[in-house]
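Chains U and G supply the protein sequences, listed in that same order.
Take 1 as the starting number for the first sequence in the numbering used here and just add one per residue.
Take 464 as the starting number for the second sequence in the numbering used here and just add one per residue.
Hint data in this document are derived by calculation from the structure and do not stem from the laboratory.
Do not take every clue at face value.
To be verified - Below, a list of computed lysine-lysine pairs in the DSBU-like style, where the Cα atoms sit at most 35 Å apart:
1. Lys156(U) / Lys458(U)
2. Lys765(G) / Lys256(U)
3. Lys256(U) / Lys846(G)
4. Lys277(U) / Lys231(U)
5. Lys156(U) / Lys619(G)
6. Lys719(G) / Lys341(U)
7. Lys438(U) / Lys619(G)
8. Lys880(G) / Lys256(U)
Now for the letters of each chain:
Number of protein chains: 2
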Amino acid sequence: MELKSLFKPERTAVIGVSLNNPLHPANVIYSKNFKEYTTEVHAVNPAADRNAASFNGITARIYRQIGDITGDIDLAVIAVKAGRVPSILKECGEHGVKGAVVISGGFAEIGNRELQQQLVEVANKYDLPFIGPNCLGIYSPPYIDTIFLSNARIVKPERGNIAFISQSGGFMVDQGMGKLAGEEIGVSGCVSLGNKAFVDEANLIEYFESDESTSAMIFHIEGFSPGRGRKFVEQAEKSRKPVVVFKAGRSEIARKAVSSHTASLSGNYVVTSSIFKQYGVIEARDEFDIIALAKVFSHNLKSIARGDIAILTVSGGHGVIAVDFCQEYDLNLVQLSEAEKQILREKLNPAIRPIASLENPIDLTGSSSDTDYETALNFLLEKKEVEAVLLLMLPYQESISFEIGSKLAKVAKRYDKPVIVYVPWNRRYLHLVNDFEKAGIPVGHTVEEAVKMMRGLKRRNKK
Amino acid sequence: MELKSLFKPERTAVIGVSLNNPLHPANVIYSKNFKEYTTEVHAVNPAADRNAASFNGITARIYRQIGDITGDIDLAVIAVKAGRVPSILKECGEHGVKGAVVISGGFAEIGNRELQQQLVEVANKYDLPFIGPNCLGIYSPPYIDTIFLSNARIVKPERGNIAFISQSGGFMVDQGMGKLAGEEIGVSGCVSLGNKAFVDEANLIEYFESDESTSAMIFHIEGFSPGRGRKFVEQAEKSRKPVVVFKAGRSEIARKAVSSHTASLSGNYVVTSSIFKQYGVIEARDEFDIIALAKVFSHNLKSIARGDIAILTVSGGHGVIAVDFCQEYDLNLVQLSEAEKQILREKLNPAIRPIASLENPIDLTGSSSDTDYETALNFLLEKKEVEAVLLLMLPYQESISFEIGSKLAKVAKRYDKPVIVYVPWNRRYLHLVNDFEKAGIPVGHTVEEAVKMMRGLKRRNKK
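Using the sequences and the hints, build the whole thing.
The following block contains the structure:
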C-alpha cells in the first residue's frame, strides 16, 4: 500500500467546500492548506453551479467534479454527507487520485456498516487507500493539514521525527499535537484514523518504517479490526524503530464505552498487553508515559542493552527516589569498587571529599562545584560497565555556575553513551533545560520521567 | 509540644552570621528575613568582637550571645559548626527561647549520634523543641524563611493552605516549593526535617491539625525513628485533615541508599503501605500524585463517600481513557435510566440529539454548543446518585464560546457537589483554566490527574 500521497501530496482536492458556510470542515481545510502548506490545493463542490467563486476570503476556481481539474491529483479530502461519499470516492478512483481522507461521519460508528463497506470496495477496485471515515485525517507539516479545527483553537507541533497515530481524533489533537508541541517535540506526521475502514495501524507502521524522517511511532489504540491486531504486532516486530502503544479501553467498562463510540472491538487487555510485550511493542501506561517516550525517542540516543546505569545527584533525597523508580522500571545500578571510589574521591574538591557518598547513586552533596560534577560525570561515563548516566540536577546551590548545563553537555559529548537529565521544571531553570536540549540530551520534568526515558532506551531493543 | 514559635515567630535570632562571608547560610537567612519577612530578626556571632557591624549590605547590631538581646526571642536559627551547637542550644534554653532550627550538619548523618543526643537532652531540659539538625528548616510565609539558598536560585510558593513536610531538604525545595509554586498552590508551611532528632512528622501533624490556615498535609518520608512510625499513623488517624505521604525508599536497594544519606531506617514498604491504608493515610505514588493531591486538597471541596461519579465529555476517546483510570482508581460510573436519557436528549440541541452518547461517560460530541454543556452538567449534578462530575473540556470546537468556563462554573456553583475538570494544559487554554480555578474548581493537566484528584476526594474520608 503506497501512502506517500497521503502525507506528502503535491496536489490536493478538497471536496465539499461550501460557498456560504466559512466554518464548513472542507472550507477550513481548504483555507488552511491554501495559506500555509506546500500542497497545491483545489476546491470542489458537486453542487456548485459556477466555476469561480469567493469563499473564506479567497477567490478561487471551484470545480464541480474532480475530473474537471487538469492534471493529476495526489490526495482527495472528502467532507460531504455520508451517503454521497461512495460515488465521490469512485470518481476519485476513476480519475487516478492516489489517496483520500474521508472526514465525513455517518458510517459504521452509527451502524451504517454497509455504506462503509462500499468505500472499501471502491478503494480496492481503484487501488485508492483512504483514511477514515469519521476522522480528522492527517497533519503532516509542511505538506498538508486536513484537520478541520481552526488554527485559533488548536496548537500544532513543528516538523520533527515522531509519528503519532490515534484512533481518537480528540486525543490526537490534544496529546499528539498540543502536548507534543508544548514539550517542543516535533512530528513527522499525526494521523486520526477514525473508523479505519481501509488504512489502519499496521499499514502505517509500514509507511513510517520506510519514512526516513521518522524515528519512532506512537499509537493510541482502542481496538483492532478482526485479524488486524496480529498484523500490527508482526509489523511492529519487524520495525527497526520503536513502536509505542497507549492502549485505551483496558477496563471492562471502558470496552463498553469503546464500542458505543467507535465501531471497533477491544479485546481482553491482559492478553493484549502480553502479546505487545512478546512482539517488542512498548506500552505507554498513561499520558505522561507517552510524553516521556516521545521525548526520549525524538533524541535518537543509543539503546542500552542491560539497563546498567549510574545516578549522579547532589540531593540524597532525589537519589533515593530515582532508585525506587529504577527498581520499578527494571534498571540496575552499577556499583563502584572500593579502589574506584578512592580514585574518584581524590579527584573531588577537598570540601566534599569527606561527605560525598560514592555508592551509586553518587551524591556529591549541596557543597559540590561545577568541577565536581564534571569530574564525576566523566568518571562514570568512562567506566565500561556503565551504559548510561542519569543526572539529577538541583540548581539551587550557590556553589554551581549558570554554565553548569553546557559544561556537563560537553563532558557527555565525549562518550557514545546516553545521558538523561532531571531538572526541576520551572521558568527559572529553563536556561539549564535549554543547554542540555541543545546538546541533544533529554530533560525530564520529574525524576520519574527521567527514569522512564531511560527505561525507554532499554525497551527499545528488539529481541 | 508547642510549635507556634517555629512557624510564626515574632522575634528571631540567627546565630552564626559571618562578618566576612556573605554567602554563609546564617547570612543568607538573616538577610532574607530582614528584607522580606515579618519576624524581627537579630544577628548573633559568638566570635564577634564588636556589637555593631555591616554584613550583606545591612548595618545592624551583631550580638555575641543570645543573652545580650533585650526581650524574648521566639526562635533561634543555628548555623555554626556541629561541635558548638549543644552549648549554643543550651544558652538558648537558658534565655527562654521557645524553639530552634538547627541548620548545621555533622551529626547522626555522619555517625555523630552522641553529639546529636546532646541536643535532644538540652531540648528536653529546657522544653525547647528544635527542627534538624542537618536541615533547611522552615518556610512559613509571610513570617519566616530559614532556607539558606538564595532567592535567585529557588522558587517560592505564596501563602496558602497546604503544609509540606519533607525528610529531604532538596525534595522540599524542588517539590514542596518549586513545583507547588509552578502550579500556583500556596503553602501554610514547608518544613525540611533533616535528621529529625527532636521534632518529627508526628509532632507536625499535631501542629498543622490545630493550625487553622492548613487544609491538608503532605509528607515526604524515607523512614521513621524507632517507635515514631506508630505515633505518626495514630496522629494521622485522629486528624480531620487529609494526611498524604510520599514514601521514598520503597525498594530494597533504595533503603540502602537511605541509610547511607540519613540516619533513619526504612522498614519493609509493603508492610508500611498497608499500615498507612489502615490508618487512613493517603499515599502518593509519584511526583505527579503529590501535585494532584495538593491541588485538590487546596480547594476545600466536599468529600465523596461512595465514589459515584459522572463523566461529561465531547471526545469519546477521552471518555474511554477517563473510564480506564476510574476503574483503576476505584471510582464508579453512575448509569442513567432510559427515561433519564430520553429527558436529557430532548433538552439537547437538535444537531447533536441523534449522535450524543448518553451512556456514562456522556459524550456530547464535537458538534455540541455551550448550552449543551450547561444542560448536561446541570442534569448530572441534579441527579441524586451522582456525587461529583468529571468534566473533560476539549476546547477545540468552533461551536463553543470562550466563555464556556465561566458558564459551566456558574452551573457548578448551584450545587454542593465537587466538579473536577480536565483542560489540555497549554498557554492557549489558560483562560479556561483560570475561569474554573477562579470559581474554586480544580483543573487537571491530564485526564489521569483529574481522575486522581477525584479519587483524593474519596480517600479523604476517614473511617
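Results of checking the hints against the structure:
1. With a C-alpha separation of about 30 Å, the suggested pairing of Lys156(U) with Lys458(U) holds against the 35 Å cut-off.
2. A hinted pair counts as satisfied when its Cα atoms are at most 35 Å apart, and Lys765(G) with Lys256(U) qualifies at roughly 30 Å.
3. Between Lys256(U) and Lys846(G) the alpha-carbon distance is near 23 Å, which keeps this suggested pair within the 35 Å criterion.
4. Taken as a hint, the Lys277(U) and Lys231(U) pair is honoured in the structure, with Cα atoms around 15 Å apart against an allowance of 35 Å.
5. For the hint pairing Lys156(U) with Lys619(G), the CA-to-CA distance comes to about 32 Å; that is within 35 Å, so the pair holds.
6. The suggested pairing of Lys719(G) with Lys341(U) holds, with an alpha-carbon distance near 17 Å, which does not exceed 35 Å.
7. Of the supplied pair hints, the one linking Lys438(U) and Lys619(G) holds, its CA atoms being roughly 28 Å apart against a limit of 35 Å.
8. Pair hint Lys880(G) plus Lys256(U) holds up; C-alpha atoms about 27 Å apart against a cutoff of 35 Å.
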